[in-house]
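Novice: If you're matching them up, the sequences are chains A and B in order.
With my numbering applied, the first sequence corresponds to residues 987 to 1394, in that order.
With my numbering applied, the second sequence corresponds to residues 987 to 1394, in that order.
There may be inaccurate statements among the hints.
Note that the list lumps identical chains together, so a pair holds whenever it fits in one copy or between two copies.
As the list claims (entries may be wrong) - Only pairs whose alpha carbons sit at most 25 Å apart, straight line, appear in this in silico DSS-like list of lysine-lysine:
{"hint": "1", "residue 1": "Lys1339", "residue 2": "Lys1380"}
{"hint": "2", "residue 1": "Lys1059", "residue 2": "Lys1259"}
{"hint": "3", "residue 1": "Lys1323", "residue 2": "Lys1090"}
{"hint": "4", "residue 1": "Lys1276", "residue 2": "Lys1339"}
{"hint": "5", "residue 1": "Lys1136", "residue 2": "Lys1090"}
{"hint": "6", "residue 1": "Lys1302", "residue 2": "Lys1090"}
{"hint": "7", "residue 1": "Lys1339", "residue 2": "Lys1325"}
{"hint": "8", "residue 1": "Lys1380", "residue 2": "Lys1259"}
{"hint": "9", "residue 1": "Lys1325", "residue 2": "Lys1048"}
{"hint": "10", "residue 1": "Lys1339", "residue 2": "Lys1307"}
{"hint": "11", "residue 1": "Lys1324", "residue 2": "Lys1249"}
{"hint": "12", "residue 1": "Lys1329", "residue 2": "Lys1048"}
{"hint": "13", "residue 1": "Lys1325", "residue 2": "Lys1059"}
{"hint": "14", "residue 1": "Lys1157", "residue 2": "Lys996"}
{"hint": "15", "residue 1": "Lys1329", "residue 2": "Lys1136"}
{"hint": "16", "residue 1": "Lys1136", "residue 2": "Lys1059"}
{"hint": "17", "residue 1": "Lys1380", "residue 2": "Lys1059"}
{"hint": "18", "residue 1": "Lys1223", "residue 2": "Lys1380"}
Honestly, the hints are just simulated from the structure, not real lab data.
What follows is each chain in one-letter form.
Protein chains: 2
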Amino acid sequence: MISLEQAREKVLDRAKPLAPEEVELLFSWRRVLAADIYAGHNVPPVDNSAMDGYAVRSVDLKDAGPDTPVRLKVVGEVAAGSAYTAVLGAGEAVSIMTGSPIPKGADAIVPVEYTNQAENRVSLYLRPHPGDHIRQAGEDLKQGNLILQKGQTIAAAQLGILASLGISRVKVVKRPRIAILATGSELQALGASAQENHIYNSNSYTLTAQALDAGGEPLNLGIAADDIAELEQILAKTQDCQILITSGGVSMGKYDLMQEVLKGLGMELVFWKVAIKPGKPILFGRWDEKLVFGLPGNPVASMVTFEEFIRPTIYKMLGKKQILPDYIEAISTEDIKKKLGRKHLLRVSLTLKEGRFYATTTGQQGSGMLSSMSGADGLMIIPEDSAGINAGEKVTVQLLNKSVVGTR
Amino acid sequence: MISLEQAREKVLDRAKPLAPEEVELLFSWRRVLAADIYAGHNVPPVDNSAMDGYAVRSVDLKDAGPDTPVRLKVVGEVAAGSAYTAVLGAGEAVSIMTGSPIPKGADAIVPVEYTNQAENRVSLYLRPHPGDHIRQAGEDLKQGNLILQKGQTIAAAQLGILASLGISRVKVVKRPRIAILATGSELQALGASAQENHIYNSNSYTLTAQALDAGGEPLNLGIAADDIAELEQILAKTQDCQILITSGGVSMGKYDLMQEVLKGLGMELVFWKVAIKPGKPILFGRWDEKLVFGLPGNPVASMVTFEEFIRPTIYKMLGKKQILPDYIEAISTEDIKKKLGRKHLLRVSLTLKEGRFYATTTGQQGSGMLSSMSGADGLMIIPEDSAGINAGEKVTVQLLNKSVVGTR
């Protein structure tokens, strides 16, 4: 059986970045930039005031102080959106608002709190240094500089940066379309009353949420029974998709038809079975340009194999900079025994105490135990050749999608 | 001036949890549960097989082993979605698929890998223990137990749990409607070519993304000039909102009209100015049932005050369990000087080395510097009475909305 790392390499080798598309700025939120962004102009565009106050020549105020105000003549007033176009002369001041351009000749701003205006004269009680309270042109973003990089995800601050550059349409990477099919004659759809010997389909929901969360565009194909003709018919609907995920039907039983069906449709099998627990029976192949993941039907195995194989695939298709999960070092709070041969991925919660992360398994670890996934911050990784670990030993923990670890 | 903590308490005292609404299961993703969820039935509903193989009476196989197979009579086959209804007798086995109900009389499953069937006889090369590979009814979710709690956010695993309980419609807390208005005659909208003495409106975009991210429903009111009649007219459109955010117009200048306008419309002012940097001129009040936040116009001050005051407000309205941000201890990598009087919130990136977080400021900290926000993992907090810190000193860092800290 191949290892997790070998299998993931085979998957990622076959995942190609998708084409760009242009969207309205607001719709670029949480998308991935498809091109580097350079500043087309300075931000701020011109030297401007950081405070409400008076633009002055600092040389005029070299004797000013709390008890020794200096009086200047107010020769103009600059409201937001306008400018004082003359050159400030000796003994002159201009009343100015935050964000307004600095008049020529002025080299400092005295905040309004340190002034007192009467008619067209202002008394200033502060000796400013040249440059005080002046925001320089290009101080935040300099014209011509690389500001945001291809592969970056656009969060609130990046959205604001794009807006401040006047960019109203953004090139982002297309989202992979991801078909999701739950298989198994024991599955029933929500809404109907419970049938005997059936269980509700939950994997379609977890996989849809995981696909959305990773930045994909899910296409829910519902439930198919263990029936070749039915499976083939449904799978024919996936032509526009870059990824096909099935859950169930990949083990060794008589009704595990997925491999046969997919091969019959023309899928080239790349691997079947990986030395991990949960998730061993996962199959992966390529069907035309589509990447096909046959996930085990157990709810936790389905979620975990999505995180190990499909999230990195989506990230690669999106052109993200970081494709693989984050790993941290933690200390196990428990003794854990395992058989040799497979890499175990145990759901754990993390706590941070005195600079160390401590990992504790979240309840029973059976691959049907969805409840254990709900409280998990990460997956504790116990290697293939390990027979287990003792409480207090160091372990590696894979973080599950950006949870803030150890801080609650 | 009141402190951040005093101000936040005044805000949160006035924020009330919103009413519930019922949504389709899939649309409950990332929403907050409005009621506790109890298991209406066991998951799994009945004892069932964890493997493809044979249901047996373990007592029949007490002599079975790799070299000493025991042969049993195959009296039935249970496909997914069906059941074997007779009682398993001595010397009998039933072929069974993963997920299928365990026949009465059987107490273990032998996986298919350890068997060899010919006609209606199967040789079994393994001695099972009672209970082997049997998933017990209610093993994951026990009927009657509290499964998910009011105030929890529904992520992929929770969605799967709800589905496995057959819940197709979920009571979630209504999302607060949040009106967002950028003010200032110097602002121009995206799309038009750059006007002299103007800057592009970026705060509407960052605030919209922050509101969405926190779980609110933004209503973008665009830009208003510094004009009382125009402001009043636009603010009249916010009747259906629970929160009104304005940016700009709250400082001390002549054109800082927000306070006057809002009071004129009937807002009760709760506070104006908080001892923080950036963000000092923030104003907060109540206008009928609406909470009103007048944020400073500087892009970083606007983002930071959102995080300090508005995100917790939204979380409280949503009934979330954790309302306040997460804080961690870190070590400053730099000397930082400050004036006494205000609490400074510095944008920092975090790295984790040998169990310690190290905090480094992300470039210049001017309140116009949106670029410094884009790389920030958190806000380093330097208290009011501190004149600064030295490199190597411990500091508190507020995490910015669930970034995975220190792991890249």
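Novice: Hints first: check each against the structure and report whether it holds.
Specialist: Hint check results:
For a Cα distance limit of 25 Å, the shortest separation of Lys1339 from Lys1380 qualifies both inside one copy, at 15 Å, and across copies, at 15 Å. For a Cα distance limit of 25 Å, the shortest separation of Lys1059 from Lys1259 qualifies neither inside one copy, at 84 Å, nor across copies, at 31 Å. For a Cα distance limit of 25 Å, the shortest separation of Lys1323 from Lys1090 qualifies neither inside one copy, at 76 Å, nor across copies, at 32 Å. In this homomeric assembly, Lys1276 and Lys1339 never come within 25 Å of each other (Cα to Cα): the closest approach is 45 Å inside a single copy and 41 Å across copies.
Neither within a single protomer nor between protomers do Lys1136 and Lys1090 lie at most 25 Å apart by alpha-carbon distance, with minima of 39 Å and 61 Å respectively. Taking the closest pair of Cα atoms, Lys1302 and Lys1090 never come within 25 Å of each other, the shortest separation being 51 Å inside a single copy and 49 Å across copies. Neither within a single protomer nor between protomers do Lys1339 and Lys1325 lie at most 25 Å apart by alpha-carbon distance, with minima of 31 Å and 33 Å respectively. Proximity of Lys1380 to Lys1259 under the C-alpha cut-off of 25 Å is found in neither arrangement, the shortest distances being 28 Å within a copy and 48 Å between copies.
Taking the shortest Cα distances, Lys1325 and Lys1048 sit within 25 Å of each other only across copies (23 Å), while inside one copy they are farther apart (80 Å). Only between protomers do Lys1339 and Lys1307 lie at most 25 Å apart by alpha-carbon distance; the minimum there is 22 Å, versus 31 Å within a single protomer. For the identical chains of this complex, Lys1324 and Lys1249 are neighbours neither inside a copy (34 Å) nor across copies (68 Å), given an alpha-carbon limit of 25 Å. Taking CA atoms no more than 25 Å apart as the test, Lys1329 paired with Lys1048 passes in neither setting, with 73 Å inside one copy and 31 Å between copies.
Proximity of Lys1325 to Lys1059 under the C-alpha cut-off of 25 Å is found in neither arrangement, the shortest distances being 87 Å within a copy and 31 Å between copies. With identical chains, the CA atoms of Lys1157 and Lys996 are never at most 25 Å apart, being 29 Å at best within one copy and 43 Å at best between copies. Taking CA atoms no more than 25 Å apart as the test, Lys1329 paired with Lys1136 passes in neither setting, with 35 Å inside one copy and 36 Å between copies. Taking identical chains as interchangeable, the C-alpha atoms of Lys1136 and Lys1059 are never at most 25 Å apart, the minima being 52 Å within one chain and 64 Å between chains.
Taking the shortest alpha-carbon separations for Lys1380 and Lys1059, neither the intra-copy value of 72 Å nor the inter-copy value of 49 Å comes in at or below 25 Å. Proximity of Lys1223 to Lys1380 under the C-alpha cut-off of 25 Å is found in neither arrangement, the shortest distances being 47 Å within a copy and 58 Å between copies.
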